Amino acid sequence: MTSRLLVDWVSCDGHGLCAELLPEAIALDEWGFPVVDPRPLASALEPMARRAVAACPTLALVLERI
Amino acid sequence: MTGLTFTAAPPPVNMQTLWFVTRAAGLVSLALLSLAVVLGILSTSRAPVGRAWPRFLNQGLHRNVSLIGVALLVVHIGTAVADDFVSVRLRDVFIPVGGLYRPLWLGAGAAAIDVVLVVTLTSLIRVRLGHRTWRTIHWAAYAAWGLAVVHGLGTGSDAKLHWALSLQAACVGCVLVAIGFRLTDGWPSHRLRRMLGAAGILACAALVAMWALQGPLAPGWSHRSGTPKPSAAVAGR
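In order, the protein sequence lines correspond to chains A and B. When we follow our numbering, the leftmost residue of the first sequence carries the number 261, and every step to the right adds one. When we follow our numbering, the leftmost residue of the second sequence carries the number 5, and every step to the right adds one.
Isolated chain A (complex conformation) (with noise of 0.2 Å):
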């Protein structure tokens, strides 16, 4: 069971926590949008992706499961 970020770009308003939070997998475009690594998520970086899901001012960011 795996997983992937996905970033809602309609609400995201590129607050940056998520990248700040989870430098393993987002970083920020030059705007303070996120990047987000496309591969999927390492399991053992999953608890740190729950913690920058619900850290979302917007809760733009999802983790989707694959």
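In short, the hints are calculated from the structure, not lab data. It is possible that some hints are incorrect.
Partial pick of chain A residues on the chain B-facing surface, computed with a CB cut under 10 Å [claimed, not checked]:
#1 G276
#2 L277
#3 G292
#4 V313
Estimated spans, in silico, between C-beta atoms of each pair [said to hold, decoys possible]:
#5 A:R311 x B:V79: 25 to 31 Å
#6 B:S127 x A:I326: 26 to 32 Å
#7 A:S271 x B:A213: 38 to 44 Å
#8 B:Q218 x A:R310: 49 to 55 Å
#9 A:R325 x B:A173: 48 to 54 Å
#10 B:S91 x A:P307: 44 to 50 Å
#11 A:L266 x B:A86: 48 to 54 Å
#12 A:E284 x B:Q20: 54 to 60 Å
None of the values given here were measured: they were computed from a predicted structure. Glycine is no exception: its CB is placed at the ideal position from the N, C-alpha and C atoms.
Add chain B to chain A, keeping to what the hints say.
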């Protein structure tokens, strides 16, 4: 010492422990929830911050400080109901009218509690609720904070003490400064809304300040606010 003096001795001081805990927990929860409001306001900002203070810190602190503040509110309310120095019934905690002790100002506290309950519970299910609905409800936190300040001034037994007054003034000052920051951060988008907000906040602050000077901070407040006669409280023991 003889047995007679023992039985005739006055009740120990700690008969009023619960009442003191109520007052202390009320003041400390006001301070914590004011801090929570300030942190909540700061976490809405996208203004760049240094590496030493990452953005998730504001939000994480906001959540944790809020929960600690709510926990202290439970202590504040639990001890107020358990204590029989003043008659606060369980219904008075949630129903803002019909209280027995300074009814109007106890009511402000009850109204604040109702809002805090809604704001806390909706925040716990934020992911299910959706961002828009959650955020609309979360605006009510400002009202809860204002009601809590009025409740503290109106019912607070210690509201007139210099240090307590300074604490309350500091809480109000910090929140007002944070609101000022919120209103200017990102200017000039939503210019009209920001100006209306500023006017509303200043009007509310002026009204509460005028009321405080003529009400709780003026002599004779405990009589005017509807404090039951001491004899009645003692007879109820």
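The hint names V313 of chain A as touching chain B; please verify it with the least Cβ-Cβ distance against 10 Å.
With Cβ-Cβ at 8 Å, under 10 Å, it holds.
Taking 26 to 32 Å as the stated bounds, is the beta-carbon spacing between S127 of chain B and I326 of chain A within them?
holds (29 Å)
25 to 31 Å was suggested as the range; check whether the CB atoms of R311 of chain A and V79 of chain B agree with it.
29 Å Cβ-Cβ, so the 25 to 31 Å window holds.
Is the gap between the beta carbons of E284 of chain A and Q20 of chain B within 54 to 60 Å?
For Q20 of chain B against E284 of chain A, whose Cβ atoms are near 55 Å apart, the range 54 to 60 Å holds.
48 to 54 Å was suggested as the range; check whether the CB atoms of R325 of chain A and A173 of chain B agree with it.
Once the Cβ atoms are compared, 52 Å apart, the range 48 to 54 Å for A173 of chain B and R325 of chain A holds.
When the nearest CB of chain B is found for L277 of chain A, is that gap smaller than 10 Å?
holds (5 Å)
Do S271 of chain A and A213 of chain B keep their Cβ atoms within the hinted range of 38 to 44 Å?
Check passed, 40 Å falls within 38 to 44 Å.
When the nearest CB of chain B is found for G292 of chain A, is that gap smaller than 10 Å?
Interface hint status for G292 of chain A: holds (7 Å vs cutoff 10 Å).
Indicate whether the distance between the beta carbons of Q218 of chain B and R310 of chain A respects the range 49 to 55 Å.
holds (53 Å)
Take the C-beta atom of S91 of chain B and the C-beta atom of P307 of chain A, compute their distance, and say whether it sits inside 44 to 50 Å.
For P307 of chain A against S91 of chain B, whose Cβ atoms are near 49 Å apart, the range 44 to 50 Å holds.
Supplied distance hint 48 to 54 Å, evaluated on CB atoms of L266 of chain A and A86 of chain B
holds (50 Å)
Given G276 of chain A as an interface hint, is its Cβ closer than 10 Å to any Cβ of chain B?
Because about 6 Å separates G276 of chain A from the closest Cβ in chain B, which is inside the 10 Å limit, the hint holds.
Taken one by one, the earlier hints all hold for this structure without exception.
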